[in-house]
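Engineer: Construct the entire structure; sequences and hints are all you get.
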Amino acid sequence: DTGVSQDPRHKITKRGQNVTFRCDPISEHNRLYWYRQTLGQGPEFLTYFQNEAQLEKSRLLSDRFSAERPKGSFSTLEIQRTEQGDSAMYLCASSGTDYNEQFFGPGTRLTVL
Amino acid sequence: SQKIEQNSEALNIQEGKTATLTCNYTNYSPAYLQWYRQDPGRGPVFLLLIRENEKEKRKERLKVTFDTTLKQSLFHITASQPADSATYLCALDISGGYQKVTFGTGTKLQVIP
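Top to bottom, those sequences are chains Y and W.
Terminal number for the first sequence in this note's numbering: 122, no gaps in between.
Terminal number for the second sequence in this note's numbering: 1404, no gaps in between.
Be a bit skeptical, because a hint or two may be false.
Subject to a maximum C-alpha distance of 27 Å in a straight line, what follows is the list of computed DSSO-like cross-link-like pairs (lysine-lysine) [to be verified]: (1) Lys1391(W) - Lys66(Y); (2) Lys66(Y) - Lys1294(W); (3) Lys80(Y) - Lys1391(W); (4) Lys1399(W) - Lys1308(W).
The set of hints was computed from the structure by calculation and includes no laboratory data.
Note that this is a predicted model, so its numbers are computed, not measured.
Structural biologist: Structural data, given as structure tokens:
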């Protein structure tokens, strides 16, 4: 399968714990996006990488959230000191330079107890 | 403030009829608009893109129109089938072509056999 993959698919954690999610984009894609989606809402932009550079970060993203894409390939999203309000589906997407469509992964569903 | 509005109520139509979904936006001047399909528990899947200088785009049973004066896009599925049942999201590029998109809340379509 050459699509976008995310790991884990599901994560249940206790409030206050740290969690890290991984995204592997389509190999030739240089752009990578993270979104958060809650029930009944559309995906909400969190951050965006072009190669290894993080070009934009949503103001909605508190300092408990950090994302990296160290070699311009896979990316990680870390949430520190999780809160119940962080419970959501975290989606990763990638795209190439020559076209505008984004290819989404299956998402990581986070539940914070 | 900037807004993207999609009908939050579910749309129920009979199999074989044409489904029409609406996306309205305010205070944006998007370079392009996209439509995605999302099934429960899965990431969105790209369907169509229409640019600001295009009035209409077609792909098989799908048709999208884009009226930048009305700030509205219509998404049509002709000869609808139960397999078309899903949530449909519109997304606007607000970055002047740098692929940062903002999503609407989506409209859930149910095609009744």
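Engineer: Hint by hint, note whether the structure agrees.
Structural biologist: Against the structure, the hints:
no., hint, result
1, Lys1391(W) - Lys66(Y), "holds (11 Å)"
2, Lys66(Y) - Lys1294(W), "holds (19 Å)"
3, Lys80(Y) - Lys1391(W), "holds (21 Å)"
4, Lys1399(W) - Lys1308(W), "holds (16 Å)"
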